[in-house]
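Visitor: Going line by line, the protein sequences match chains A and B. Reading the first sequence from the start, the letters are residues 1 to 319 in full-length UniProt numbering. Reading the second sequence from the start, the letters are residues 1 to 553 in full-length UniProt numbering.
Treat the hints as calculated values from the structure; they're not laboratory data. Quick reminder that beta carbons are idealized off the backbone N, C-alpha and C, glycines included. Just to be clear, a hint being listed does not mean it is correct.
[Stated by the list, open to error] To give a feel for the contact side, a few chain B residues facing chain A, derived at Cβ under 8 Å: (1) Leu-288; (2) Val-294; (3) Pro-296; (4) Lys-347; (5) Pro-432; (6) Gly-468; (7) Asp-491; (8) Asp-493; (9) Ala-496; (10) Ala-499.
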Amino acid sequence: MSTKIDKIDRLSELSAAKDDERGVSLWTEAFRRLRRNPAAITGAVILLLFVIVAILGPILAPFTPTDPSGIREGVVKSGQGIIPGPTGDHWLGYDHQGRDFFSRMLVGARQTLLVGVISTLIGLTIGALIGGVAGAAAGLGGRVGRWIDVVLMRIVDMLLALPSLLLAVSIAALLGASLTTVMIAVGMVSVPVFARLLRGSMLAQAGGDYVLAATSLGVKRNTIALTHILPNSLAPVIVQATLTLATAIIEAAALSFLGLGNPDSAIPEWGVMLADAQPYLGIRPGLAIWPAAAIIVTALGFTLLGEALREALDPKLRK
Amino acid sequence: MRASTRKAAIAVTAIAALAAAGCAESDRDDSGGSSTKDTLVFGVAGDPKVLDPSFASDGESLRVARQVFETLVRPEEGGTKPTPGLAESWQPDAAGTTWSFKLRTGVKFHDGTDFNAEAVCANFNRWFNSAGLMQSPDVTPYWQDVMGGFAKNEDPELPPSLFKSCTAKDPTTVDLAFTRVSSKIPSALMLPSFAIHSPQALQQYDASNVTGTADDIKYPAYAMQHPTGTGPFKFKSWDLANKSLTIERNEEYWGDKAKLKTIVFRTISDENARKQALRSGDIQGYDLVGPADVEPLKSEGFNMLTRPAFNVLYLAINQKGNPALAKLEVRQAIAHALNRQALVDSKLPPGAKVATQFMPDTVEGWNPQVKTYDYNVEEAKRLLAAAGASNLTLRFHYPTEVTRPYMPNPKDIFELLSNDLKAVGITVEGIPLKWSPDYLNATTSGSNHDLHLLGWTGDYGDAYNFIGTFFDRPKDEWGYTNKPLFDQFQDADTTADNAQRVEKYKALNAAVMEFLPGVPISHSPPAIVFGKDVTGVKPSPLTDERYSTAEFK
Numbered sequence: 001m002s003t004k005i006d007k008i009d010r011l012s013e014l015s016a017a018k019d020d021e022r023g024v025s026l027w028t029e030a031f032r033r034l035r036r037n038p039a040a041i042t043g044a045v046i047l048l049l050f051v052i053v054a055i056l057g058p059i060l061a062p063f064t065p066t067d068p069s070g071i072r073e074g075v076v077k078s079g080q081g082i083i084p085g086p087t088g089d090h091w092l093g094y095d096h097q098g099r100d101f102f103s104r105m106l107v108g109a110r111q112t113l114l115v116g117v118i119s120t121l122i123g124l125t126i127g128a129l130i131g132g133v134a135g136a137a138a139g140l141g142g143r144v145g146r147w148i149d150v151v152l153m154r155i156v157d158m159l160l161a162l163p164s165l166l167l168a169v170s171i172a173a174l175l176g177a178s179l180t181t182v183m184i185a186v187g188m189v190s191v192p193v194f195a196r197l198l199r200g201s202m203l204a205q206a207g208g209d210y211v212l213a214a215t216s217l218g219v220k221r222n223t224i225a226l227t228h229i230l231p232n233s234l235a236p237v238i239v240q241a242t243l244t245l246a247t248a249i250i251e252a253a254a255l256s257f258l259g260l261g262n263p264d265s266a267i268p269e270w271g272v273m274l275a276d277a278q279p280y281l282g283i284r285p286g287l288a289i290w291p292a293a294a295i296i297v298t299a300l301g302f303t304l305l306g307e308a309l310r311e312a313l314d315p316k317l318r319k
Numbered sequence: 001m002r003a004s005t006r007k008a009a010i011a012v013t014a015i016a017a018l019a020a021a022g023c024a025e026s027d028r029d030d031s032g033g034s035s036t037k038d039t040l041v042f043g044v045a046g047d048p049k050v051l052d053p054s055f056a057s058d059g060e061s062l063r064v065a066r067q068v069f070e071t072l073v074r075p076e077e078g079g080t081k082p083t084p085g086l087a088e089s090w091q092p093d094a095a096g097t098t099w100s101f102k103l104r105t106g107v108k109f110h111d112g113t114d115f116n117a118e119a120v121c122a123n124f125n126r127w128f129n130s131a132g133l134m135q136s137p138d139v140t141p142y143w144q145d146v147m148g149g150f151a152k153n154e155d156p157e158l159p160p161s162l163f164k165s166c167t168a169k170d171p172t173t174v175d176l177a178f179t180r181v182s183s184k185i186p187s188a189l190m191l192p193s194f195a196i197h198s199p200q201a202l203q204q205y206d207a208s209n210v211t212g213t214a215d216d217i218k219y220p221a222y223a224m225q226h227p228t229g230t231g232p233f234k235f236k237s238w239d240l241a242n243k244s245l246t247i248e249r250n251e252e253y254w255g256d257k258a259k260l261k262t263i264v265f266r267t268i269s270d271e272n273a274r275k276q277a278l279r280s281g282d283i284q285g286y287d288l289v290g291p292a293d294v295e296p297l298k299s300e301g302f303n304m305l306t307r308p309a310f311n312v313l314y315l316a317i318n319q320k321g322n323p324a325l326a327k328l329e330v331r332q333a334i335a336h337a338l339n340r341q342a343l344v345d346s347k348l349p350p351g352a353k354v355a356t357q358f359m360p361d362t363v364e365g366w367n368p369q370v371k372t373y374d375y376n377v378e379e380a381k382r383l384l385a386a387a388g389a390s391n392l393t394l395r396f397h398y399p400t401e402v403t404r405p406y407m408p409n410p411k412d413i414f415e416l417l418s419n420d421l422k423a424v425g426i427t428v429e430g431i432p433l434k435w436s437p438d439y440l441n442a443t444t445s446g447s448n449h450d451l452h453l454l455g456w457t458g459d460y461g462d463a464y465n466f467i468g469t470f471f472d473r474p475k476d477e478w479g480y481t482n483k484p485l486f487d488q489f490q491d492a493d494t495t496a497d498n499a500q501r502v503e504k505y506k507a508l509n510a511a512v513m514e515f516l517p518g519v520p521i522s523h524s525p526p527a528i529v530f531g532k533d534v535t536g537v538k539p540s541p542l543t544d545e546r547y548s549t550a551e552f553k
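Generate coordinates for the entire structure from the input sequences, incorporating the hints supplied.
Guide: Right, dumping it as C-alpha cells:
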C-alpha cells in the first residue's frame, strides 16, 4: 500500500516540470521527442484507427448490428451448435443471435471508447478536484490547509487500499447493471490515483522559486494555486490519464463480462460480446478471440502512447 | 444439543476435506487403476435442498429421493403413465372418492422394518397432520399443490384438504379416502413427495420437527442425514462441504437390484465446468446440458440422452401490469408479433417444437384445433392500432444466471422476443433479475410486471398439472379474474370419468387460447449426458431417471 503511494508521489515529483529548465517550451520539446519514439508512433496509429472506427463504425458497418438476420433466415442455430463462420458477405460470420459479427465489432468500438473516455474523465475530474484542493491547501494553506490535506488524503488512501476491480464490482453491484454504472465504477477506481498524483505534483511545485516570487509580489494565494502551480503540475496527470484509458477499457470489459454492464446486450460492447461468446467457445472460438484481441490491441495502444508520453515529459531524460 | 452436533459435524467435514485435499492425487490413481467399475460420479447443477422429499420441490432433492424412496404408484419407465410401484394395483369405489390400494409384499425399509398398510397410513397421517411451519408452502409445496390444506389449517387462506383419511384394512390393503373426486388421483401419487418413509426412522430422527422461522427454515436430522425408504439405493452420506452426496446399493431390494454399488452426486454449478469434468473423466455424467453442447458431446462419443419434451415455455402477460394488456387485441397483437418458429429453430435443442397451447401434445387433452396465432407483423400492428395502443411501452422481466429444462438461455430468448416486439412498434424495457428469489418474486407476486418468461415441467401425465396449475384460480402472475374459466376448470377437475375429463380439457385448452392470458412459446427436450461407457439409463419426461439400471459397458 505505502509503496503504491510512494511510487505515485515519486512519479509526480520526478515528472513535474522544473521551472529553471525553460528553454524550449516543455510541450514542444515533448512532442519532438514523441515523434522520434517508434513505440509512441505505433500507439498513436492504433489509437487513431480505433477512434476513426469508433466514430465512423455505424456508417462503415455493412449490416445493422442489432438485427438477428441470421436467425430470421434460419442459418444460425446456436441452440443446435450451428453458427456459420466467415463468408463473403459476413466477414467474421454471425454471432450466437444471428447478427453480423463484423458490424458488431465496428459498432462495439464506439461503446468501448465511450466507456474508456467518460470513465477516465470522471476519474480525472473528481481526482483532480480532490488532489488539487489537497495540494493547494497543503502547499499554501498553513495549518488549516494541512488538516484539509490530511483528511482528504486519508479518504483517498482508503479508496486506494481496495483492489480496483473489487471496488468497481462493489460500486456496480450497488448501482445495478447499466452502462452508466460501468462508467462510474471504473471512473471511481481511478479517482485516488489522480488525486494522489496531482497533490504530489502540486506540493513539489509549491516550494518553487516562482511561487515564492509570486507570493512576495502579493499575488493572492488562490491565483497562485490556479494560474501558477496547477498548470505546471498537470504533466504527470495527463500521462496518467492516457494510461488510465487503457486500464479503464480493460476494467469496463471485465465488468461487462461479469454481467454488470449494459443489460441490453443488443447494443454491442466488446466486454459483453466476450461474455456472450463463452458457451460457444467450442463451436466458434472467433466469437471470443476477436473482441478479446480488439480489447488487448486498444489497451496496448493507450499504454504505448502513455509510456512514451511519460518518457517525453520526464525532465530527467531531457537532453 | 443440536448446535453442538452441528459444530462437531462441521469440524469433522472440515478435517475430512483437508484429508481429502491432501491425498487427492493418490485417490485419483486408485480409482483409475481399479479394474471393476462400480461407482458412478454424476455432476449435478445444485445441492439438494433437503433429503426428505415431503419437503422438496427442487429437481436436485427429487433426483436423490427418486433413488432412495418409492411411491405407491410410479411412472412407467421413460413415460408419464401411472404403473405399479409399492402398490400392485388400485381401484376407486363407485363414487370415485375412495381408492383402495393393494400393496406389494416382502418389501422392507432400509432400516429393516416392514413395509405394510400401517406404514402407508403413518406417512399420509404425518403429512395430513402437519402443523406449524410444516404448513408453510415452502416446506410442503407438493402436498399443498395436490391436496390443498391439512387436518387443521392454521392459515385461513388455505383451501380444505382433498385428503380425508387413510385406513389399513389388512397388512396389504390400504384405503385412501378423499373429500371429492379429483383428476389428480392417482397420478399425483407418483410425485416423490408422496414417497413412503419408514415410520420407525421418521420417529427416531424426529422427522416432523421443522424449526426456525419462515425465512430461515431448519430441517430435522431425518431430512438432512437419515432418509429411509425402500428404494434400490440406500442413502450413505451427504458431505455439504465437499458438495457430494453418496448413495449405495440396497442389497435387500425387493426388485431388480442396482447394477452399480455406489452413485455419487457431485455438485458443479457451472455448466462449462460440468462439461470439462465429463471430458476429463472426473464425472461420468451430468444433467442440464447446454443445447449448444449437445451435438459436440454427441460427436465426441458421449452417451447423450434426450428426454421427451414434457414442458412448456411461455411469455406471461400480466393484465394488471399495464391497462392496455387487459385488452384482448393487445394480447393477440403480442402473440402475432412473436416469431416463435425462428426462436425454436435457432435457440432450442433439436426436437423442440413451437407450442400452440400451454401443454405438450403427449398429454391427453391436447387440442389440435385451438386458435393459433401465426407470426404476422402487419396483423400485430393492425390489432395494436385498433386497440388504440400503438404507442405501448412494456416492462419485460427475464432471469439471469439460470438454465431451466424448458429455457436453456433466457437472455438470448429475451433478446429475440424483444426484437420481435420492437418490430411492431412496442417499446420494450428489459429488466434482468437473478432467478431466485428476485425474479420469481417479482413475476409471480404483486402487479408490478408486464411481460416475463417462465415455464413448467410436468410432474405427472395429466393436463390439469399444466393448465390447471397456471389458470384455475386468480394468480398475480397473470393478474386476471375470469370466473367462467375458473368454473370450467373446477368442473373438469371433479369429473371422475377419464374420457369425459379429457374432452373437458380439450375445451379448456380452446378456451384458454381464445382468452390468451399469455403466449405459449415452445416445448423443448432437455438433455442429460453420460460417459462413453455408461449405459442402461432411460431418459424420462418427468426427469425420473433410474440410476439403478446404470452400468459400465
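Visitor: All hints, please: hold or fail.
Guide: Hints versus structure:
The beta carbon of Leu-288(B) comes no nearer than 13 Å to any beta carbon in chain A, farther than 8 Å, and the hint placing it at the interface is violated. This hint holds: Val-294(B) has a C-beta 7 Å from the nearest C-beta of chain A, less than the 8 Å allowed. Checking Pro-296(B) against chain A by beta carbon gives a least distance of about 5 Å; that is within 8 Å, so the hint holds. Given hint, Lys-347(B) at the interface with chain A, holds; its Cβ is 4 Å from that chain's nearest Cβ, closer than 8 Å.
At its closest, the beta carbon of Pro-432(B) sits 5 Å from a beta carbon of chain A; the interface hint therefore holds under the 8 Å criterion. Below 8 Å, beta-carbon pairs count as interface contacts, and Gly-468(B) has none with chain A, the closest being about 30 Å; its hint is therefore violated. Given hint, Asp-491(B) at the interface with chain A, is violated; its Cβ is 39 Å from that chain's nearest Cβ, farther than 8 Å. Interface hint at Asp-493(B): violated, since its Cβ lies 36 Å from the closest Cβ of chain A, which is beyond the 8 Å cut-off.
Residue-level restraint check for Ala-496(B) is violated (minimum Cβ-Cβ distance to chain A is 42 Å; threshold 8 Å). Taking 8 Å as the C-beta contact cut-off toward chain A, the hint placing Ala-499(B) at the interface is violated, the least distance being around 38 Å.
Hints 1, 6, 7, 8, 9, 10 from the earlier list are contradicted by this structure; the remaining hints agree with it.
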